[in-house]
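*Asks:* This is what each chain is made of:
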Amino acid sequence: MSRGDYSLSTFIWLIIAFLVIYPLSILLIESFKIAETGAFGLGNFLEFFKDTYYLKTFANTLFLSALVLLTTTVFGIPLAYILARYRQRGKTVFTALILLPIVLPAYAGVFAFVIFFGKFGTLNLLLMETGLIETPINFIYGLHGLVFIQALHMLPFIVLSLAAGFTQIDPSFEEAAEVEGATGFRRFVTITLPLCTPTYLAGAVIVFLWPFTDWLTPLILGKVDFLPSVSYINIAYHFTDTHRKYMGIVAVVVSSMVCISLFLLARWWVERKKYTGLSKGTTSEGRVIEPSPLIKTGAYLYMGLIAFIVLLTPIVLGLSAFSRRWVFQPFPTYWTLDNFRVIFAESPLLIRNSFLFSAAALLFGVVFGLPAAYIIVRTKVRGKDALDFVITLMLAFPGIAVGVSYLLAFWNTIPLATHWIIMPLALFSRRLPYFLRMAHSSYLQLDISLEEASEVSGIGKIRTFFYISLPLLIKGVLVGVVMFFIMAFQEISTAIFLYRGGWETLPIGIYLNWHRGMEFGIAAAMAFLMIVITFILLLIISRIGGGILKAAWGPGSR
Amino acid sequence: MAFIEIKNLFKRFKKVVAVNHINIDIKQGEMLTLLGPSGCGKTTTLRCVSGLERPEEGDIVIDGKSMVAKGFVQPSKRGIGMVFQNYAVWPHMKVFNNVTYGLKLHGMSKQEVREKTQRVLDLVDLNGLEERYPAQLSGGQQQRVALARALVRNPKVLLLDEPLSNLDAKLREKMRFEIKSLVKRMGITSVYVTHDQAEAMVISDRIVVMESGNVVQIGNPQEIYEKPANRFVADFIGTMNFIPCNITRFLPDKKMAHISTDFSQDILCRTPDTGATTPGKQIYASIRPEDVQIFSEPPQDTANLFRGTIAHKAYLGNFLFFFVSVNGTMIRVQAPHHLPHEEGREIYVFLNPQKCMILF
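The listed protein sequences derive, respectively, from chains A and B. Numbering of the first sequence is given in our numbering, commencing with residue 4 and proceeding in unit increments. Numbering of the second sequence is given in our numbering, commencing with residue 871 and proceeding in unit increments.
Treat the hints as calculated values from the structure; they're not laboratory data. Every residue, glycine too, gets a C-beta built ideally from N, C-alpha and C. Hints are not guaranteed to be accurate.
[Said to hold, decoys possible] Derived SDA-like pairs (lysine to any residue); straight-line CA-CA distance at most 25 Å:
| hint | chain 1 | residue 1 | chain 2 | residue 2 |
| --- | --- | --- | --- | --- |
| 1 | B | K974 | A | V192 |
| 2 | B | K964 | A | K299 |
| 3 | A | K299 | A | V96 |
[Said to hold, decoys possible] Here are the simulated distance ranges between beta carbons:
| hint | chain 1 | residue 1 | chain 2 | residue 2 | range |
| --- | --- | --- | --- | --- | --- |
| 4 | A | W271 | B | G998 | 44 to 54 Å |
| 5 | A | I451 | B | E1213 | 39 to 49 Å |
| 6 | A | E293 | B | H891 | 18 to 28 Å |
| 7 | A | S452 | B | E1213 | 29 to 39 Å |
| 8 | A | G461 | B | Q1163 | 48 to 58 Å |
| 9 | A | K383 | B | K974 | 19 to 29 Å |
| 10 | B | K1097 | A | E293 | 42 to 52 Å |
| 11 | A | L146 | B | A939 | 57 to 67 Å |
| 12 | B | K974 | A | Y144 | 41 to 51 Å |
| 13 | B | E1048 | A | I543 | 53 to 63 Å |
| 14 | A | P81 | B | V887 | 28 to 38 Å |
[Said to hold, decoys possible] Computed from the model, here is a short list of chain B residues facing chain A with C-beta under 8 Å:
| hint | residue |
| --- | --- |
| 15 | F880 |
| 16 | I950 |
| 17 | M952 |
| 18 | Y971 |
| 19 | L975 |
| 20 | S979 |
| 21 | P1091 |
Can you make the complete structure from the sequences, with help from the hints?
*Replies:* Structure, rendered in structure tokens:
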């Protein structure tokens, strides 16, 4: 333990205090401010929990979360089982396709599904043309559509966590049950599933929290009675109505509290019951089954269906991006590059901003993340566990909370919000844990004796870091860097509160185009552009880190 | 009539042959050990007996019933109990539920389940721990839970796959005897897999030594140690000096032969029971370190006696261990530690003709 470690740790804590603890405390304090008098009290919260509308919103959100979790679980269990256990061709391709939603922006999917499943969308028009239905079916507007879109976006998290469980369970647990006479489904229910609960829970909590974070999907689908959407509307639309503003802030605080409590609860539970680490001698591959031809066909059909739905997003957005006047037609008829011409002619700024802000956020991420990972993994500095805890907790905070708290904290007392630097700063602190986790896990894999050997040979700590640690860490760090960039590039829920004229990014542009005049073509073209950029970045990661799969799952795995 | 017959068993994984057409007969109530280095096919053989692995050719017969040839019999229908290398005690179930899992599936009354469980927990000395979770038990206790679970359904056959390899050395030694006496008391036919030769010696009625998918030797521990079938067995079980040699003259009636080595033109040696050697193959005069005798002064009899120098000496507590150089050939010697021989000193080495055997 050296003096250097302490100063480094102090530096990290100062950043955390300034960018995380300070704004979030301001958010909390503001939520106690009574609009009419300016005094502080419990009034807002009392009103929130007495008002039937807000209570209904709260209940709605919980209900939606439960439905999304149920849907992802029901569809995720077979999917994870197929991917983890069956020996089959094309597994990598299917896995990559099914996991795709993780790296696609959620709002891109919403636009695509509105175009495809909407009242006069492709599917309805096709069904009517063939005469199967007379009037269009409401596939997407309403709770069912919301559940469908959010569940699809979160499905990869459940699939990945369950698949991790299925592969990590020691095969002999199931073999022992087989010898004891439990076959097939029974063994699955009594042994396999219970042993997967810890890994499942790690994914389930992320899924459950999504409806507390996603304000945009309900807005687009016209069902706004959910906490994040209500907060957004109250704060962003009614900025002058201070009463509604404070109720919005309360809603944000309530969401954050729910998220943090559930997150901590799940974490505590998972830590307590870690089955997978209990037995020794696990094979890396786990149990692999050769399914019968019938089951194999079923598995392929099922995977194909999910993959098709996932692929709808880029395909539909692509069609929409390269066409105009796609209305009341199942497929576009007029092909053009106009949308892109408009984007590049009128708003090249958006693209520039997106890259600039993400790159700046990334720079902060690296400068902060590497030393933070070093402190947490390699030193015994006091308070390092607290540091780890605070950073990890940021995973649970809804983006909206970060956005609103920055707006409140950096407006009057510290007027940072008048400078564009606030944008990358917010993006950085929102995605703080992602980069750190990445650096963290690479650091854990780096054998400490390699560094010690260098220090013993008389090379100082800092030079050891640059000559030995960094070159060995670089792969994991680079994957983390690109993943962080993708995340920052797609960020909307934080940025939407902070942007001013001239600071718009691509995601904000997408939202504004939809919002102002239902300029779907341009919004779709922007979303398509983002998907293309994401894909290029993913290709870069897979070159560095071996496999799209690993790349996509990187930041989430611990 | 054997109780378990492993007939012409053949199994490969992708292109690697794991078990190559082996035959083993196991008598009722016998404790048989499959012994060999990792990758020799011992675990695969056991898993074929259990039904967790399907053989490509051959058959497993248990108590007169074919398990493979006349339709594959599922593991649960074979009347076996199995103890896994990592215990495979289900961490999400209490001890009681772990043990009764199989009983419940076979539709037994609650009373019956309780009695049977009580009896088997008594047997493995786990009484009073029924309500514990595996994580609250020590490694040795988890091991007993696995054993109780395997025994509770009164299996005809008990299969044990390196059950002690995850325990620490002291406990391992104790459990060897416990498992043996338990299994013998219950009279269960058992197959035990291990790579630890000392464990095999303690626990087995008979040992099957395997090497790369083949059975090299079957015999009781004494036979395996004293009359190893070849150099592999001799080297795997215990320590052995191997001295490259050529046969100069056979004495078939005495089952002896005269041989020549680098350091001597005439050594008398036992020939293997199997008879003559394959011509052209290198043969070795083999003797265990504890069978080599050393003397400070030459004794009367001069046959098989050689002059050498002590190259290295090690003190191992209950005995001394020497490397003796006889004209450049190193011979390992284990001797009682009152012998005051220092490194560099000249001594006489006696290779007892009755203990020195020809192996290849």
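*Asks:* Evaluate each hint against the coordinates.
*Replies:* Checked hints:
1. For the given pair, K974(B) sits about 15 Å from V192(A) by alpha-carbon distance, which is consistent with the 25 Å threshold.
2. For a cut-off of 25 Å, the pair hint linking K964(B) to K299(A) is broken: about 36 Å separates their Cα positions.
3. A hinted pair counts as satisfied when its Cα atoms are at most 25 Å apart, and K299(A) with V96(A) qualifies at roughly 16 Å.
4. A beta carbon spacing of about 30 Å between W271(A) and G998(B) contradicts the range 44 to 54 Å that was offered as a hint.
5. Judged by the Cβ atoms, the range 39 to 49 Å given for I451(A) and E1213(B) holds: they are separated by roughly 40 Å.
6. Remark: the range hint 18 to 28 Å for E293(A) to H891(B) is upheld by a beta-carbon distance near 24 Å.
7. For S452(A) and E1213(B), the hinted distance range of 29 to 39 Å is satisfied, since their beta carbons lie about 36 Å from each other.
8. One distance hint, 48 to 58 Å for the beta-carbon pair G461(A) and Q1163(B), holds here, with the actual separation near 55 Å.
9. Remark: the range hint 19 to 29 Å for K383(A) to K974(B) is contradicted by a beta-carbon distance near 49 Å.
10. In this structure the hint that K1097(B) and E293(A) lie 42 to 52 Å apart at CB holds, the actual value being about 44 Å.
11. The hinted window of 57 to 67 Å between L146(A) and A939(B) holds, with their beta carbons roughly 59 Å apart.
12. For K974(B) and Y144(A), the hinted distance range of 41 to 51 Å is satisfied, since their beta carbons lie about 50 Å from each other.
13. Against the hinted window of 53 to 63 Å, the Cβ-Cβ separation of E1048(B) and I543(A) comes to about 59 Å, which satisfies the hint.
14. In this structure the supplied range 28 to 38 Å holds for P81(A) paired with V887(B), their Cβ-Cβ distance being about 36 Å.
15. The closest approach between the C-beta of F880(B) and any C-beta of chain A is roughly 19 Å, which is over the 8 Å cut-off, so the hint fails.
16. Interface restraint check: I950(B) against chain A, minimum CB-CB distance 6 Å, threshold 8 Å, status holds.
17. The closest approach between the C-beta of M952(B) and any C-beta of chain A is roughly 5 Å, which is under the 8 Å cut-off, so the hint is satisfied.
18. Of the supplied interface hints, the one on Y971(B) holds, with its beta-carbon coming within about 5 Å of a beta-carbon of chain A, less than 8 Å.
19. Annotation: interface hint on L975(B) holds; nearest CB of chain A at approximately 5 Å, less than 8 Å.
20. With a cut of 8 Å, the hint placing S979(B) at the interface with chain A is violated, because the nearest CB-to-CB distance is about 17 Å.
21. Evaluation of the P1091(B) hint against chain A yields a violated restraint, the C-beta minimum of about 27 Å exceeding 8 Å.
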